[in-house]
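Participant: Chains as they are written, first to last, in our numbering: chain B, 1 to 258; chain V, 1 to 265.
Simulated from the structure, these hints should not be mistaken for lab results.
Bear in mind the structure is a predicted one, so any value in this text is a computation, not a measurement.
Check the hints yourself; a few may be wrong.
Stated by the list, open to error - Computed far set for chain V versus chain B, every beta-carbon distance over 12 Å:
(1) S23
(2) Q35
(3) D135
(4) G137
(5) P192
What the hints assert, rightly or not - Listed next, the stretches of chain V that the computed footprint assigns to chain B, with coverage defined by at least 3 CB atoms under 8 Å from CB atoms of chain B:
(6) 41 to 50
(7) 184 to 190
What the hints assert, rightly or not - Okay, the calculated beta carbon distance ranges per label pair:
(8) B:A232 - V:L14: 32 to 38 Å
(9) B:A198 - V:A232: 37 to 43 Å
(10) B:A55 - V:V7: 53 to 59 Å
Here a beta-carbon is modelled for each residue, glycine too, at the ideal position from N, C-alpha and C.
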Amino acid sequence: MRAYTRLALAGFRRYSTYRQAMVAGMATNIAFGLLRMAVLVAAIGQGPIAGYDVAATATYVWLGQGLMAFVLLYSDKQLSDRIRSGDVVIDLYRPWHLQLALLAEDVGRAGYAAVVRLVPPVAFGAVFFPFRWPSAGTLPLFAVSAVLALVISFGMRFLVNATTFWLLDNRGVHGLYMSCTWVLCGLAVPIAFFPDWARDILWSTPFPAIFQAPIDVFLEQGAPGTILVNQAFWAVVVLVAGHLVLNRAVRKVVVQGG
Amino acid sequence: MAESVYVRIIGARLRGQMSYRTSFALQCLAQAVTQLGELLVILVLFNRVSALGGFSVNEVVLMYAIAGTAFGIADMVAGQLDQLPTYIRTGTFDVVLLRPLGTLAQMMTSDVQLRKIGRVGAGLATLVYAVNHNDIGWSPFTVLLVVAAPIGGAVIFGSIWIMANAICFWLVDGQELANTVTYGSSAFTSYPATVYGPWLRRFFAFVIPGAFVAYYPSLALLGRPDPLGGPALLGWISPLVAVVAAGVAGLVWRSAVRHYRGTGS
């Protein structure tokens, strides 16, 4: 356990080294937030849609701009690069569970992201736009929901990366994951904007659980209990799936040019 | 002489990309899905509202189709400039300077990403749909504009890409700022300029000539006056804007390259 705590701390420190990149990232984040705000505000100009008035929309956009970096919506390529280069063999030899080790590191990364990438856009939104704060009792629930979202997002990214064991080049799967996620998870438009039938289908996939779920908890839309149970279910599913996939993959690893 | 070198470079890049066939097919698909995902978002919004910024669903789809196709072409040709910071940080740009070929052309051919054809294809399909579902007064001029708008838009996007990434010669970590301008202008141009507030519009429509990619050409095709009060002429001059933008981008790149200092490592 101590090893995993250390890995989480190392993850935190590793990402805190790039300060200039952080400032640039913040500016980009805010610019995209403004663009997203404009389109949605124009849409709700004729009256609220699915419970989204200006305040709820602003909260959805600015909280979302932060959560996007916290859960890391877009797949990373670290593991797949190590599988391609064969370095993953070293990782598999180490006295740890590879999936848990990577999760620990990702938790550290997210911890840093919470400070520098989640708080600033939320503060920006709260200062410059009407903002809907939840009641004090909701905030702990939101924290739990955000952490579950992070775990599910990690689990899905792990699965995307693990396809490299079979394909050797996972850029296709990676690209497909990125191109679907932003619509399916509720980043492009709130899931509530979809027609009823599409909404039901979307909520039966793990995608809303990584993004729309914590926002819904924050906005107090829907029963928080149901949302958290849905997230807990998907967290278990993707982690177990990742574990099984890794077990199968290990039997298949070929050390290229070793 | 130089031309044949580029043909060979591009040929080699393309063959390289085809070597992982499954991955390549999936990457093309991913590009098409990205493009159609943006279309889906517009349709979901219009499922709830009847007009966006004063335009109907088919009119917005027309603007989106022109912008998306233009961005797809620009991304295929100039998207490799996103790698510039890596070239500068690792000192690989020295090698580019030593070769007897233009630096900009070398950077752009460093990896022509054929998979982006998926995006262009989906954009063109949307454009065909949009042209058929809008009331366009056909004349030789409008036909010419339908063809010229995505190409001119691609040149404008490409110029934006060059200028934005040139900032990395001064600021090595400037990539994300460049993204604000490149991917940000793609997001901006997909919707009518009337949707945005005055400050965003001034920046993305005129400082960066984003409004000339899709907004003004679409107004000209639809025969609609500009709700923002611009003259009708603006819809027809986007190829001219593209030529000017390309010229400025060339000058910016030249002066940026002069500022390059090796990393010294």
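Participant: Work down the list of hints and note, for each, if the structure agrees.
Facilitator: Each hint, compared with the structure:
Once the 12 Å rule is applied to beta carbons, V:S23 is inconsistent with being away from chain B; the minimum gap is 4 Å. At roughly 9 Å from the closest C-beta of chain B, the C-beta of V:Q35 falls inside 12 Å, breaking its exclusion from the interface. Residue placement check: V:D135 keeps its beta carbon more than 12 Å from all beta carbons of chain B (closest about 23 Å). For V:G137, the non-interface assignment is confirmed: its Cβ lies about 27 Å from the closest Cβ of chain B, beyond the 12 Å cut-off.
The Cβ of V:P192 does not lie farther than 12 Å from every Cβ of chain B; its closest approach is about 9 Å, which violates its non-interface assignment. Residues of the segment 41 to 50 of chain V lying with their CB closer than 8 Å to a CB of chain B number 7, which satisfies the three-residue condition for coverage. For the segment 184 to 190 of chain V, the stated coverage by chain B is satisfied: 3 residues place a CB nearer than 8 Å to a CB of that chain, which reaches the threshold of 3. Between B:A232 and V:L14 the Cβ separation comes to about 47 Å, which falls outside the hinted range of 32 to 38 Å.
Look at B:A198 against V:A232: about 40 Å separates their beta carbons, and that is inside 37 to 43 Å. In this structure the supplied range 53 to 59 Å holds for B:A55 paired with V:V7, their Cβ-Cβ distance being about 57 Å.
Violation of the numbered hints given earlier is confined to hints 1, 2, 5 and 8; the remaining hints are satisfied by the structure.
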